[in-house]
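Next come the chains, spelled out residue by residue.
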Amino acid sequence: MMRDYAIRYGFIVLLVGLIAYFAIAADGFVSPQSAVFIFQSVAITGVLALGVTATLVVGGFDLSIGSVATSAMMAASYAMVVLEQNAIVAVIACLVIGVIVGLINGWLIVYMRVPDLLATLGMMFLLLGLQRIPTEGRSIATGMTMPDGSVANGKFSEAFLALGRHRIDFFIPNLIPVSVVVLIVLAVLIWFFLEYTRFGRMMYAVGSNERAAELAGAPVKAYKIWAYVISGVFASIGGILLAARLGRGDIASGNNLLLDAVAAALIGYAVLGAAKPNAFGTAVGAVFVGVLLQGLTMMNAPYYTQDFVKGAVLVVALVFTFALSGRGKR
Amino acid sequence: MGADAVFRVEGLRKSFGQNEVLGGISLDLFAGEVTVLMGANGAGKSTLVKIVSGVYSHGGGTMQLAGKAFDPQTPAEAIRAGVVTVHQNINDGVVADLDVATNLTLDRLSGKGASLLFKPRNVRAEAKAVADRMGLAIDLKARVADLALADRQMVAIARALAHQPKVLILDEPTSSLSSAEADRLFALIDRLRAQGVAILYISHRMSDIRQLADRIVSMRDGAVSGVFDRKPLDYEGAVNAMLGRKIHLDRVVARSSAQAVFTAESLRIAPGAKPISMTLGTGEVVAITGLVGVGKTALAETLFGVRRPLAGTMHMDGKPYAPRSAREAIAAGAFLVAKDRAASGIVGGFNIERNISLPFLKRMSGFGVMKKRAERAVARRQIDELGIVCRSEKDELSALSGGNQQKVMVARWMSQASRLFILDEPFQGVDISARRDIAAKLRASADGRATLIFVTEIDEALETADRILVMSEHTIVGEHRNADVDLDRLLAEVAGGPLHSAA
Numbered sequence: 001m002m003r004d005y006a007i008r009y010g011f012i013v014l015l016v017g018l019i020a021y022f023a024i025a026a027d028g029f030v031s032p033q034s035a036v037f038i039f040q041s042v043a044i045t046g047v048l049a050l051g052v053t054a055t056l057v058v059g060g061f062d063l064s065i066g067s068v069a070t071s072a073m074m075a076a077s078y079a080m081v082v083l084e085q086n087a088i089v090a091v092i093a094c095l096v097i098g099v100i101v102g103l104i105n106g107w108l109i110v111y112m113r114v115p116d117l118l119a120t121l122g123m124m125f126l127l128l129g130l131q132r133i134p135t136e137g138r139s140i141a142t143g144m145t146m147p148d149g150s151v152a153n154g155k156f157s158e159a160f161l162a163l164g165r166h167r168i169d170f171f172i173p174n175l176i177p178v179s180v181v182v183l184i185v186l187a188v189l190i191w192f193f194l195e196y197t198r199f200g201r202m203m204y205a206v207g208s209n210e211r212a213a214e215l216a217g218a219p220v221k222a223y224k225i226w227a228y229v230i231s232g233v234f235a236s237i238g239g240i241l242l243a244a245r246l247g248r249g250d251i252a253s254g255n256n257l258l259l260d261a262v263a264a265a266l267i268g269y270a271v272l273g274a275a276k277p278n279a280f281g282t283a284v285g286a287v288f289v290g291v292l293l294q295g296l297t298m299m300n301a302p303y304y305t306q307d308f309v310k311g312a313v314l315v316v317a318l319v320f321t322f323a324l325s326g327r328g329k330r
Numbered sequence: 001m002g003a004d005a006v007f008r009v010e011g012l013r014k015s016f017g018q019n020e021v022l023g024g025i026s027l028d029l030f031a032g033e034v035t036v037l038m039g040a041n042g043a044g045k046s047t048l049v050k051i052v053s054g055v056y057s058h059g060g061g062t063m064q065l066a067g068k069a070f071d072p073q074t075p076a077e078a079i080r081a082g083v084v085t086v087h088q089n090i091n092d093g094v095v096a097d098l099d100v101a102t103n104l105t106l107d108r109l110s111g112k113g114a115s116l117l118f119k120p121r122n123v124r125a126e127a128k129a130v131a132d133r134m135g136l137a138i139d140l141k142a143r144v145a146d147l148a149l150a151d152r153q154m155v156a157i158a159r160a161l162a163h164q165p166k167v168l169i170l171d172e173p174t175s176s177l178s179s180a181e182a183d184r185l186f187a188l189i190d191r192l193r194a195q196g197v198a199i200l201y202i203s204h205r206m207s208d209i210r211q212l213a214d215r216i217v218s219m220r221d222g223a224v225s226g227v228f229d230r231k232p233l234d235y236e237g238a239v240n241a242m243l244g245r246k247i248h249l250d251r252v253v254a255r256s257s258a259q260a261v262f263t264a265e266s267l268r269i270a271p272g273a274k275p276i277s278m279t280l281g282t283g284e285v286v287a288i289t290g291l292v293g294v295g296k297t298a299l300a301e302t303l304f305g306v307r308r309p310l311a312g313t314m315h316m317d318g319k320p321y322a323p324r325s326a327r328e329a330i331a332a333g334a335f336l337v338a339k340d341r342a343a344s345g346i347v348g349g350f351n352i353e354r355n356i357s358l359p360f361l362k363r364m365s366g367f368g369v370m371k372k373r374a375e376r377a378v379a380r381r382q383i384d385e386l387g388i389v390c391r392s393e394k395d396e397l398s399a400l401s402g403g404n405q406q407k408v409m410v411a412r413w414m415s416q417a418s419r420l421f422i423l424d425e426p427f428q429g430v431d432i433s434a435r436r437d438i439a440a441k442l443r444a445s446a447d448g449r450a451t452l453i454f455v456t457e458i459d460e461a462l463e464t465a466d467r468i469l470v471m472s473e474h475t476i477v478g479e480h481r482n483a484d485v486d487l488d489r490l491l492a493e494v495a496g497g498p499l500h501s502a503a
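Line by line, the protein sequences give chains S and Y. Read in order, the letters of the first sequence correspond to residues 1 to 330 in our numbering. Read in order, the letters of the second sequence correspond to residues 1 to 503 in our numbering.
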């Protein structure tokens, strides 16, 4: 019984304990601004993590999410700065990229039978290269010189930048950034989709026993491809938020997105003893990482310890999931 | 048969936990003879082979090879002593990414006396010697992965023969070969027999057995149930000994049906097989029986749209029925409880309720959102009706016994009305009481649909069906009304006797 409780609530208790510790040890940790900052810091990785959760549910994996996000960021910048388009065109371009990459990933995995890790790894490299081709490897900002010598005079539209910078009043004026709202809305959406709709249910069945799902009449291939499309679209939304926050197409940004997102999704396995990918767990996992990093930063821990701490948390979470609950055999 | 046996097994026993798998097996193999070992699933054949080949240790009894005690602790030891096994899965016997020559000499790469460096020329010369000895005509430089299945099998056997065995064990070697490929294997076996190798050949295929066997040993429930060595061999007797025949206390009252639900016309499910025609009526339970590998699962999957027939047509309620997927079959009212519930039925991460609702999520949701109350009500009703022993509908399937897991699988497909209800080996790994429950429920609910069950055990057919069809060589070879079954004729048909015209 103790063991059951440990598996079920262990990680939540750890999170609460962590918050309590930082509240005592770090001045100003407990404040609305601090909480918002935590959410803001994990908004983009959180969105990516929710997307990769969909592929984990069908028994797959998507390593291309980080580069989809940065490709979307570069595409949005290119559309506005170089092509001088408005915010709506930029957003649509990003979403289209997400859909196309998801379809290609799904096609490679389902029809070309490339193992998921390898297919999405290949896609990751492909996109990392592709996103640099239009500008010959330069970052995109207003006033930049193009390869042909002309100067790009377009600029980020105010409406687009608002996605990353506008804050909504919530009891306190200018409290909640739009990116956090996007994160919460997407989290609720994907949670409802996976837990309460027949499509989500069937995705879990596909991930658990593909043949059984197929013999129960599920179009297994379509479900798998859809999962990668969801992942691609979520990653491109993450890229939109990233572009809006930075206000430029920075080729050096987004290095940590993939690992942070995957860590959040895998930590999510341990939340409430689910022992399977789930949206709520992923959201908690993302917040957990955010709390940890914010707390460490406020306690003046050097930046280079952050990756170490994240890795350690991930390993502990995986032990919770696989060893303690004994349900690791998927 | 006066000669002494080369290999002798006496009183061999083996248990896994409480479960006794071999209860004192005795078996003799003679030089220059093919002994066929027959047994249904779970009879203990594989366990016996694994003990003889040194994979398992035995739990009692003795083995003798050429008069000396033989008790291998590892597979390598068995091979060195001269007992060589070619396992059922061909790819276990070869390394796909290496070429034929390396495969043939693989066992010399390690062990005592192996040289430190790999010398391609020596390898090729040795491999050629091995290949010539058994008349193997395969390019030694070809990669094994590029070879046809039969060639791979030949390489696996050649590799085994490089050890110059006294005893060769072949575990269902033809299960994945075409008949032309099998003929090549038989020619090789004939040659080995002439060379004086004692061969133990495990198979279900009657055509193989008729062609090869010098003796037949039948196994049932971990014991030898018959030895047949007088020519001409008594094939029906061997099948009978393998399947057993018990007294049936609860024989069914056979019903007959007037109204056809499903018909198949000239359906061909394997190349070279005779076409199948059959009619299934409403309210009747029809059993199709036959040995393993005669195409029962192939037929079940064809009716369910998972496999396409090579020729022929099907009709459901008079309308053409040609499902291209399980989805289309389900939509047309054909449901299948698939064989091997762990691999193709149970969704491990789901509880009972979710396992039952799986195929019918659309019917239990509105605008895509699951109606959880309806789902729970269906699950509870099914748990009641089939007598599934559990704490609640939220139990995980891993917490249930095999029989109850199978009941959940049956419950899944009985939760909605079907026109054609197909069950492939529904009694596999199911205890006797659960088996009775399921059979009774099938019969009680049979009205309004055609029920078709595929079973290897004739007993199960006799206990459940109104009508029994017999399959052999991918076609239907006999039909019996389950009222006054001529068991001798039925067994002859199962054993692939003279073909009657299809039912």
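It should be emphasised that the hints constitute simulated quantities derived from the structure, not laboratory data. Remember, predicted model here, so these are calculated numbers, not experimental data. Do not take every clue at face value.
List time: in silico PhoX-like cross-link candidates among lysine-lysine, alpha-carbon distance up to 25 angstroms [what the hints assert, rightly or not]: (1) Y/Lys50 to Y/Lys68; (2) S/Lys276 to Y/Lys362; (3) Y/Lys166 to Y/Lys128; (4) Y/Lys441 to Y/Lys394; (5) Y/Lys119 to Y/Lys68; (6) Y/Lys166 to Y/Lys50; (7) Y/Lys371 to Y/Lys339; (8) Y/Lys119 to S/Lys276; (9) Y/Lys372 to Y/Lys394; (10) Y/Lys339 to Y/Lys231; (11) Y/Lys68 to Y/Lys166; (12) S/Lys276 to S/Lys310; (13) Y/Lys394 to S/Lys221; (14) Y/Lys441 to S/Lys276; (15) S/Lys276 to Y/Lys50; (16) Y/Lys166 to S/Lys221; (17) Y/Lys119 to Y/Lys141; (18) Y/Lys141 to Y/Lys128.
Hints that the structure is at odds with (numbers, increasing): Of the numbered hints, 5, 7, 8, 10, 13, 14, 15, 16 do not hold.
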